[in-house]
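Q: Residues per chain, in single letters:
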Amino acid sequence: MAVDFMYSEKVLEHFRNPRNMGEIEDADGVGDVGNPKCGDMMRITIKVDEATGTITDVKFKTFGCGAAIATSSMVTELVKGKSLQEALAVSNKTVVEQLGGLPPVKLHCSVLAEQGIVAAIQDYYAKHPEKTPPPELESKAQYLEKVDPHGWPDGDQ
Amino acid sequence: MQMMHVSDFVHGKTQDIIYLDHAATTKVDPEVFEAMVPHLQEEYGNPSSLYGLARRSRIKLEQARETVASFIGADASEIVFTGCGTEADNYVIKGTALAKGEQGRHIITSAIEHHAVLHPCQALEKQGFEVTYLPVDEYGLVSPEQVAEALRDDTILVTIMYANNEVGTIEPIAEIGAICRERGVWFHTDAVQAVGKIPVNVDELNVDMLALSAHKIYGPKGVGALYVRKGVRLPPLIDGGAQEEGRRGGTENVAGIVGLGKAIELLQRRGEEDNRREAALRDRLIAGITESISHCRLTGHPEQRLPNIASFVVQYVEGEGILLSLDMEGICASTGSACTSASLDPSHVLIAMGYSHTLAHGSLRLSVGRENTEEEIERVIELLPPIVQRLREMSPLWADARKRGEVT
Ligand SMILES: Cc1ncc(COP(=O)(O)O)c(C=O)c1O
Ligand code: FES
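The listed protein sequences derive, respectively, from chains W and R. The opening residue of the first sequence carries number 1 in this note's numbering; numbering runs sequentially from there. The opening residue of the second sequence carries number 158 in this note's numbering; numbering runs sequentially from there.
I should point out that these hints are in silico values taken from the structure, not numbers from a laboratory. Idealized CB from N, CA, C, for every residue including glycine. Among the hints, a few may not be true.
Covered stretches of chain R (in silico footprint by chain W; criterion: 3 or more residues with CB under 8 Å from a CB of chain W, positions within the stretch not fixed) [to be verified]:
(1) 308–315
(2) 486–497
Some chain W residues near chain R, calculated using beta-carbon distances under 7 Å [as the list claims (entries may be wrong)]:
(3) Glu23
(4) Cys38
(5) Met41
In silico DSS-like links for lysine-lysine, alpha-carbon gap of 25 Å or less [claimed, not checked]:
(6) W/Lys80 x W/Lys131
(7) W/Lys47 x R/Lys560
(8) W/Lys140 x W/Lys127
(9) R/Lys560 x W/Lys127
(10) W/Lys82 x W/Lys47
(11) W/Lys10 x W/Lys80
I would like the entire structure built from these sequences, with the hints used as guidance.
A: What follows is the structure, given as structure tokens:
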């Protein structure tokens with residue numbers, strides 16, 4: 001029987017006990033992304049080691065469904081301790097695989113998780129014009145659905 | 158609403174659950190079940206056949222028809238059994254289009270109808286019919302004046318629900334019916350949520366057609382009924398045998414229909430008492446939840462609402478997260494969040510009531526029923542605030558609102 005409308009145990013586990021949840025106050029990069037499909041939002045904050053270019057800390061905040069929370073949690077686990085270039089290589093497909101799959105209708109939520117990381121890295125380079133971003137950044141960033149954190153849909157009323 | 162229920166995602170335990178989703182469906186009452194069983198076994202005769210075994214089925218079928226009819230103030234000949242509430246609504250809308258499409262091609266409905274009404278209307282629009290979707294106010298009320306203004310010479314049908322399934326608001330059906338009657342336009346009401354909860358009398362409501370469904374009133378799923386006033390000629394939606402006086406082909410679901418009849422008998426016997434009790438539980442839920450959770454408000458009309466539905470929007474959180482968290486505690490509830498709808502659209506009901514997309518995300522519906530206890534309600538009131546708080550701590554919207562000083 002097809003049970004592809006259900007969440008895997010792994011997804012539920014990440015929903016129950018999300019990793020790296022929160023917001024880094026003095027973040028080196030902030031990625032605010034919104035889901036054009038259902039109107040959800042994610043904020044990824046990263047701390048980057050200047051010398052080595054590795055992500056030493058990463059946190060997320062997510063307003064969205066169980067899959068959005070679980071994919072945010074998983075993506076932060078996957079990029080923590082990685083170089084910025086390695087982090088850019090983490091795709092939503094990897095996130096989904098690591099979570100034991102997602103219902104098809106929920107795949108778009110994992111895209112948001114990938115984009116959150118890309119947006120945070122992009123923000124880091126915007127704040128550090130002296131550094132040369134990895135070539136993949138440009139191509140990945142062009143798919144970003146950027147949101148203005150202060151102009152999020154409907155003024156949250 | 159295309160509400161998605163959390164057990165779609167998670168295997169909840171069947172024991173120890175607190176079921177607060179009676180507007181979605183109910184458990185078949187043991188007495189209903191007992192009445193049905195013989196018709197799945199030894200009393201299996203086809204009601205259209207001639208011999209004794211069959212005649213006994215026919216008698217039970219007709220008794221159920223009498224019961225349904227008398228409960229809503231109709232004559233038994235005015236009741237057609239259908240495969241569900243959705244079929245009854247489809248029958249009215251498509252049947253009217255077939256019957257009256259030559260006379261006019263305009264239909265009036267509201268923006269907050271169930272998809273069982275909205276989707277057949279949209280299907281007719283593709284066939285060249287024109288549909289007016291009346292707006293509602295912040296409480297989800299349709300105004301009779303707006304119905305009067307929307308009526309045209311080519312209007313063939315007005316269809317407005319008696320009570321809304323997401324927010325529980327009760328519509329002014331008798332007034333709207335009077336207006337339609339005066340203008341000689343057929344008037345249908347989807348009473349699927351209303352039957353058993355508030356008085357339903359087809360004459361007092363001035364309706365020509367009325368749809369109901371068994372599984373919302375402790376009857377089985379897959380059984381509905383449509384009241385069609387004498388003189389209203391609707392061509393069948395399902396063509397086939399001569400069952401239901403030629404109004405709906407197909408061998409009758411005898412066990413299901415007998416179950417519907419028994420479910421209505423139970424409403425006659427205990428409905429008023431149940432409703433009083435449920436209204437008290439609903440009020441406790443509303444008070445307990447809105448008092449203990451900040452930035453959470455009741456949706457729908459504060460007084461003119463079904464006795465069993467407590468519905469809210471909880472700001473800065475998303476409904477599926479609330480449902481998953483509740484399910485982990487064995488509590489069954491519903492939401493109109495975009496994230497739980499297959500189309501990823503937020504509840505059309507809340508949007509029509511003027512709620513923003515973001516607020517509609519945090520919608521939560523708790524609908525009580527016969528078997529709920531005060532202890533269960535207290536447990537939900539105790540468990541919900543920390544669930545919402547945990548989700549808010551995860552929400553960037555909450556963090557920003559806090560930075561702006563809007564919340565503490
Ligand atoms: C207002 C309303 N109309 C129609 C229906 C459809 O009834 P059924 O599930 O029997 O098709 C429902 C319930 O889902 C409902 O709440
Ligand atoms: S965030 Fe809306 S569906 Fe996942």
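Q: State for each hint whether it applies.
A: Cross-check of the supplied hints:
Requiring three or more residues with a Cβ within less than 8 Å of a Cβ of chain W, the coverage given for the segment 308–315 of chain R is violated, as only 0 such residues are present. A count of 4 residues in the segment 486–497 of chain R with a Cβ less than 8 Å from any Cβ of chain W is obtained; the coverage claim is therefore met, three being the minimum. Below 7 Å, beta-carbon pairs count as interface contacts, and W/Glu23 has one with chain R at about 6 Å; its hint therefore holds. Proximity of W/Cys38 to chain R holds as hinted, the smallest CB-CB distance being about 4 Å (cut-off 7 Å).
For the restraint placing W/Met41 at the interface with chain R, the shortest Cβ-Cβ distance is roughly 6 Å, inside the 7 Å limit, so the hint holds. At roughly 20 Å between alpha-carbon atoms, W/Lys80 and W/Lys131 fall within 25 Å of each other, so this suggested pair holds. At most 25 Å may separate the alpha-carbon atoms for a hinted pair to count; W/Lys47 and R/Lys560 meet this at roughly 21 Å. Pair hint W/Lys140 plus W/Lys127 holds up; C-alpha atoms about 18 Å apart against a cutoff of 25 Å.
Restraint check: the Cα-Cα separation between R/Lys560 and W/Lys127 comes to about 23 Å, which is no more than 25 Å; the hinted pair holds. The suggested pairing of W/Lys82 with W/Lys47 holds, with an alpha-carbon distance near 11 Å, which does not exceed 25 Å. Distance hint between W/Lys10 and W/Lys80 is fulfilled; the C-alpha atoms sit about 19 Å from each other, no more than 25 Å.
Figure legend: structure checked against the earlier numbered hints; the only hint not met is number 1.
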